[in-house]
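Residue numbers (the working numbering), protein chains in the order written: chain G, 101 to 450; chain B, 63 to 447.
Hint data in this document are derived by calculation from the structure and do not stem from the laboratory. Do not rely on the hints blindly, as some may be mistaken.
Think about it this way: if two alpha-carbon atoms lie no more than 20 Å apart in a straight line, the pair counts; the simulated EDC-like pairs of lysine to aspartate or glutamate are [what the hints assert, rightly or not]:
no., chain 1, residue 1, chain 2, residue 2
1, G, Lys123, B, Asp261
2, G, Lys339, G, Glu230
3, G, Lys308, B, Asp261
4, G, Lys343, B, Glu78
5, B, Lys258, G, Asp248
6, G, Lys187, G, Asp147
7, B, Lys258, G, Asp128
8, B, Lys296, B, Asp379
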Amino acid sequence: MAGIVGYGAYIPRYRIKVEEIAKVWGADAPSLKKGLMLREKSVPGPDQDVITIAVEAARNAMVRAGVKGEKVGAIYVGSESHPYAVKPTGTAVAEVIGAVNDCHCADLSFACKAGSEGMFLAYGLVKSGEVEYAMGIGADTSQGAPGDALEYSAAAGGAAFLMGTKNVVATLDCQYSYMSDTPDFWRREYMHYPRHGGRFTGDMAYFKHVRGGVEGLLKKAGAKPKDFKYAVFHQPNGKFPMKMAHDLGFTDEQMKTGLLVPTLGNTYSGASPLGLSAILDEAKPGDAILMCSFGSGAGSDGFIFTATKELPKVQGKAKKTRDYLDTHPFYLDYGTYVKFRRKIRKNVED
Amino acid sequence: MRDVAIIGIGMTDFGELWHDSLRDLFVKAALQAMDDAGVDHIDGLVAGCMSPGLFTGQEHIGSLLADYLGQAPVPGVRVESACASGGMALRTGIAYVASGMHDIVLCGGVEKMTDVSGAQATYALATAADQEMEAFHGVTFPGLYALIATAHMHKYGTKREDLAQVAVKNHDNGMLNPHAQYHMKITVEQVINSVKVADPLNILDCSPITDGAAAVIIAPVEVAKKLKKKPIVKVAASAHATDTIALHQREDLTWLKSTAEAAASAYKQAGVKPSDIDFAEVHDCFTIAEICVLEALGVVKRGQGGKATRDGLTARDGKFPVNTSGGLKSKGHPVGATGIAQIHEIVTQLRGEAGKRQLKDVKRGLAQNMGGSGGSAVVHILEVL
Numbered sequence: 101m102a103g104i105v106g107y108g109a110y111i112p113r114y115r116i117k118v119e120e121i122a123k124v125w126g127a128d129a130p131s132l133k134k135g136l137m138l139r140e141k142s143v144p145g146p147d148q149d150v151i152t153i154a155v156e157a158a159r160n161a162m163v164r165a166g167v168k169g170e171k172v173g174a175i176y177v178g179s180e181s182h183p184y185a186v187k188p189t190g191t192a193v194a195e196v197i198g199a200v201n202d203c204h205c206a207d208l209s210f211a212c213k214a215g216s217e218g219m220f221l222a223y224g225l226v227k228s229g230e231v232e233y234a235m236g237i238g239a240d241t242s243q244g245a246p247g248d249a250l251e252y253s254a255a256a257g258g259a260a261f262l263m264g265t266k267n268v269v270a271t272l273d274c275q276y277s278y279m280s281d282t283p284d285f286w287r288r289e290y291m292h293y294p295r296h297g298g299r300f301t302g303d304m305a306y307f308k309h310v311r312g313g314v315e316g317l318l319k320k321a322g323a324k325p326k327d328f329k330y331a332v333f334h335q336p337n338g339k340f341p342m343k344m345a346h347d348l349g350f351t352d353e354q355m356k357t358g359l360l361v362p363t364l365g366n367t368y369s370g371a372s373p374l375g376l377s378a379i380l381d382e383a384k385p386g387d388a389i390l391m392c393s394f395g396s397g398a399g400s401d402g403f404i405f406t407a408t409k410e411l412p413k414v415q416g417k418a419k420k421t422r423d424y425l426d427t428h429p430f431y432l433d434y435g436t437y438v439k440f441r442r443k444i445r446k447n448v449e450d
Numbered sequence: 063m064r065d066v067a068i069i070g071i072g073m074t075d076f077g078e079l080w081h082d083s084l085r086d087l088f089v090k091a092a093l094q095a096m097d098d099a100g101v102d103h104i105d106g107l108v109a110g111c112m113s114p115g116l117f118t119g120q121e122h123i124g125s126l127l128a129d130y131l132g133q134a135p136v137p138g139v140r141v142e143s144a145c146a147s148g149g150m151a152l153r154t155g156i157a158y159v160a161s162g163m164h165d166i167v168l169c170g171g172v173e174k175m176t177d178v179s180g181a182q183a184t185y186a187l188a189t190a191a192d193q194e195m196e197a198f199h200g201v202t203f204p205g206l207y208a209l210i211a212t213a214h215m216h217k218y219g220t221k222r223e224d225l226a227q228v229a230v231k232n233h234d235n236g237m238l239n240p241h242a243q244y245h246m247k248i249t250v251e252q253v254i255n256s257v258k259v260a261d262p263l264n265i266l267d268c269s270p271i272t273d274g275a276a277a278v279i280i281a282p283v284e285v286a287k288k289l290k291k292k293p294i295v296k297v298a299a300s301a302h303a304t305d306t307i308a309l310h311q312r313e314d315l316t317w318l319k320s321t322a323e324a325a326a327s328a329y330k331q332a333g334v335k336p337s338d339i340d341f342a343e344v345h346d347c348f349t350i351a352e353i354c355v356l357e358a359l360g361v362v363k364r365g366q367g368g369k370a371t372r373d374g375l376t377a378r379d380g381k382f383p384v385n386t387s388g389g390l391k392s393k394g395h396p397v398g399a400t401g402i403a404q405i406h407e408i409v410t411q412l413r414g415e416a417g418k419r420q421l422k423d424v425k426r427g428l429a430q431n432m433g434g435s436g437g438s439a440v441v442h443i444l445e446v447l
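Bound conformation, chain G alone (with noise of 0.2 Å):
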């Protein structure tokens, strides 16, 4: 059966605080944390970026399966700050893990479900013996204008799952997607920052298609909330994701393992395969998990996974999830942040 054989995630060190970026725009941090249920998010580094983000991953994921790169037929790399506009980035993630050059590789787009869009296709790859293995990463260096609501979550991080039938620690038992034409969330060529249509990314959005994508999932599985273990949401605050769960009838505790956005904040591509990431370090053989993306414009992919008794073996193979997130922050003021964000226009020969 196809599924998971090896997954990786990366988080940044770098962090600032919510309150570190309202004292600039004399916002008022406590009721921006109390909305958002954030409290700080992650900073790349100055030399960081979705490719060595990527990369950090994918090493993760190829550590934990223990294949040789050059079995890996297929890799996706999803992801809206891909450092070219024309160049790929899955391109450098294959020369790293020694995937070359008998690959299929594609940078893919969906807003935040970019990374789970590589995911259902490379299993679909797999499963149909089109080849041995695959990988789907999704990874960002989230973007969002100075001042506006995005700048307090966006976030950087990644995670990469490699796909095959042989060791699998996750069986990928069902997947689904659920989409239509819904301009909440954009950028056009020459804008520096994404937009939004404010609270129409709400309702008519994220809920919408978050429902769709998991309603439409168990009705293909026949399944039920109370049937999982784990259940993690695209995650771009914490008031989101945690509203869609009760609606839908999933507890707080089936929830608390993948919800990550608190401290790591809205990593797009990255969220809800980081939050997947964080579960399978965390779960045992037997638990199911079902996982639902969500990207702006608009869309969901929803999956069930069921860990085997391979997971255990593989779980500590390489940095967990959660060691990413909460040891060793390094803590930025916003003029560092802002250098590191290179929000900052200095003249080309410096």
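Knowing the structure of chain G, use the given hints to seat chain B on it.
Using the frame of chain G, we list chain B on its own:
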């Protein structure tokens, strides 16, 4: 001049109505009002709408709405007096009918506010302030009403809790109105601890951004008498007054002169005193506004609006219930629709059709609709014939 009656009412739910455009909203409310009146045609249409251009990019809506209602080529016109546009639409329609120019007129109000961002909506609303004296210097309506609130607290000792009580009461009423945007009970403590907007006003002191429409059908009383709908609700008074639209140019920041003038005119037309009014719908765009309006209407003495609210005068079971609909605070404030939605509530109460929020033995109600920080005010008195 002929006496005028309200023979039909209709309104949409108020809220963030993502699936409905400006024309959808208006037509829904208008068709309800026509059904309620039992008419299949109108002789004219007056639509109150503050800023369709800035909120939706659409002007020329008098014709647009008549067309989409299936009533073109009847005369259709949009009237504007900022947030008092709805009240002005009714007053304009009343002039048509009372003068004999038309018999059956639809007076509606509509605003589609959520097609733009919060910042763009704030800009559109701020065009109701004095651009050269106020808006260009950065002040917005929460800021202007915060100045009024601060002045009222300083001059009369009005307490922060009194402001909050207005919101608490109106949310309590809105819980019983199925059309209201916020079915959410709140406490004084929640209001006082909610996010600061413009000191001393917090988010729960402010009416929200809302989509919605309301409509009424008016006709001569003699026509109303031939219809089955009972009781007949007669327009006893329709008054309008203006004031400086720049707040600082007034002698007293706490005194809403346009409301006081319009109310005095309305009482004279109807031949009544404030004590003859059973209940009212007033323009609580911010909590302090309801307090100042009570004073300007002569319901309480100057400076006593806060205390009267604290003492329960304006509660649903008080001696003078105010905003049984939930008011702008809880029901929502689609600015052009608000004045007509107030009339909807007065008629609903006078007909005894208000369900769980129905007041007992009410025969005469007053609606006060206000533009900007009080630069215009429209007061109507309706009574059971």
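Checked hints:
no.: 1; hint: G:Lys123 / B:Asp261; verdict: 18 Å, holds
no.: 2; hint: G:Lys339 / G:Glu230; verdict: 40 Å, violated
no.: 3; hint: G:Lys308 / B:Asp261; verdict: 37 Å, violated
no.: 4; hint: G:Lys343 / B:Glu78; verdict: 19 Å, holds
no.: 5; hint: B:Lys258 / G:Asp248; verdict: 18 Å, holds
no.: 6; hint: G:Lys187 / G:Asp147; verdict: 18 Å, holds
no.: 7; hint: B:Lys258 / G:Asp128; verdict: 8 Å, holds
no.: 8; hint: B:Lys296 / B:Asp379; verdict: 25 Å, violated
In this structure, the hints that do not hold are numbers 2, 3 and 8, in rising order.
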